[in-house]
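*Asks:* Each chain, written out:
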Amino acid sequence: MSACISQFDGRSDPALIRSLVELTQAGLPLVDNPWAWIGERLGLDEDTVLALLHQLQAGGAIRRIAAVPNHYRLGYRHNGMTVWDVDDTHLPRLGPLLGAQPFVSHCYRRPRRDGWRYNLFAMVHGRSTDEIEDYRAQIRQLLGDACRADEMLVSSRILKKTGLRV
Amino acid sequence: MDDLDRRLINRLQYGLPLVKRPWQALADELKSDSQTLRDRVQALLDDGTLTRFGPMFDIDRLGGAFTLAALSVPDERFDTVAAQLEAMPEVAHNYRREHAWNMWFVLGCTAPEGIAETIARIEAQTGLPVLNLPKEETYHVGLHFSV
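Residue numbers (numbering that gives the first Met the number 0), protein chains in the order written: chain A, 0 to 165; chain B, 0 to 146.
Bound-form chain B, shown alone (with noise of 0.2 angstroms):
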């Protein structure tokens, strides 16, 4: 990673301009040019350094729901829960988090109905019960990683 990469992974957490040719604008303001600065993007999506470029929705705005939630898990079971949530599309993010609650995991569906049915789901096909914590206020999102 040279100082180029790191100037434009700060740069590009702010997002591609919205104006015509955004690349060539991205390239006027890091004094580089086009191609390059798109070729050394891919570079770093194929080596994951970036995990994704492009459109961050607000899910909630879009008229989806999400919710964060947490099963307690028995150590003997874990893995096997942990397989039943990686083969749900609704689940998606999942983490194992040092806690009685040791499994902590965001929901994502379309329509707020989805949210307790994928609960109910969750529940009847582990037989646990899922701690459920929609966020009631938001007081803040976003953290640059500056590198």
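Just chain A, same shape as in the assembly (with noise of 0.2 angstroms):
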């Protein structure tokens, strides 16, 4: 089958892709052999709906077929958004040192706008609020003298929670 792989790039069958997505995007059902439970919606055999998978893996396209947990059911009830204005020039180490501490989940650069002074998101989770300030501090020790001003914003409300629709 390694021979078809090629035609399943997903920039070249972008449709292909597309039905995947929206067969998938609600859940993978929990039967014994999910692979072919796919292939007999896309037309294809198991063995390309494999290789499709393991080709978008590695292209970046599907992380990983996993499952996601509830934190806020797991113990995890406190996420502070920590938002950092950094010094751009050190942004290319400080980003990477960040978001490599155990306890942020996603860190990124985003732009400055008027009334928004904030370039450096780090998101931290915790079991309790003593456990995400503590992670702000060490932030900001990490960050040092490259770091100017910094928030907290704590959230107080899921208002709406659903996958991402493509």
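These aren't lab readings, by the way, just hints derived from the structure by calculation.
Check each hint, because a few of them may be wrong.
[As the list claims (entries may be wrong)] A few chain A residues facing chain B, derived, Cβ under 10 angstroms:
#, residue
1, Arg17
2, Ser18
3, Pro28
4, Leu41
5, Leu52
6, Ala99
7, Arg108
8, Tyr117
9, Phe120
10, Ser154
11, Leu158
In this text the structure is predicted, and so the values were computed from the model without any measurement.
Think of the CB as a built atom: it goes at the ideal place given N, C-alpha and C, for glycine as much as any other residue.
Using the supplied hints, reconstruct the complex from the two chains, each of which is provided in its own coordinate frame.
*Replies:* Here's what the structure looks like:
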């Protein structure tokens, strides 16, 4: 089947990728052979589905086929969006350093705007407010003098939570 | 939740192995059997411990686009504006955060133009300016919640 793989490159067959996304974005059924289940619906055999998934994962279009825990239910009830005004010249070093901290789930550079001075975002999760405050203090130490100001925006209510639609 | 549930939750966050008979492979690894594991995952989905099981797509790599955006909503209008965003399929997540910018949401669209259109629609419907903060660089994504 490996000879077939090239035709399933996402860039060359976006319609197939779109079908796969539509079929599975709500989740994958818990059947013994999920690849055959996908294949039956996309008109592919099991080996081809597996090759397609391997390729999409290698290319980064699929991160993994995984379970997403409800982190509130697992005790991680507190999250803080920490935002930092960091000297741009230090970002290439400090961004990856923050991202490498075990308590940071997402870390991005974002633009400054009128009325918004922060260019570095790091989301932290914990089981208590003390825990996330402690993480914020650890980040502040890591950034040192390169950081001019920071805030932590704590979520107080989930207003909507659905999967991303594509 | 017993020991097998915990091991299953921890293990499945890293993903189902991309091999033939993946549940059997996982059962061998966790010293269980395929049907039991699938029953456990179903029960964890049913009771809300897991929110989803399936492929985690990177929308950017699929030609889609998304952004993080915020609104500063007067308290007396907060619920009304939350309901307006709730009704928009482009709004994936929306959180209240304790800040002058008190409503933070993620927009997901199939194409980059969709983001600008959706922001214009939100501004027209709410009369409030949207703070649009698309990511310019990703330093890290992913957190493992161990149980």
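*Asks:* State for each hint whether it applies.
*Replies:* Checked hints:
no.: 1; hint: Arg17; in the structure: holds, 8 angstroms
no.: 2; hint: Ser18; in the structure: violated, 12 angstroms
no.: 3; hint: Pro28; in the structure: holds, 9 angstroms
no.: 4; hint: Leu41; in the structure: violated, 13 angstroms
no.: 5; hint: Leu52; in the structure: holds, 5 angstroms
no.: 6; hint: Ala99; in the structure: holds, 7 angstroms
no.: 7; hint: Arg108; in the structure: holds, 4 angstroms
no.: 8; hint: Tyr117; in the structure: holds, 9 angstroms
no.: 9; hint: Phe120; in the structure: holds, 8 angstroms
no.: 10; hint: Ser154; in the structure: holds, 4 angstroms
no.: 11; hint: Leu158; in the structure: holds, 4 angstroms
The structure fails to meet hints 2 and 4 from the earlier list, while all remaining hints are met.
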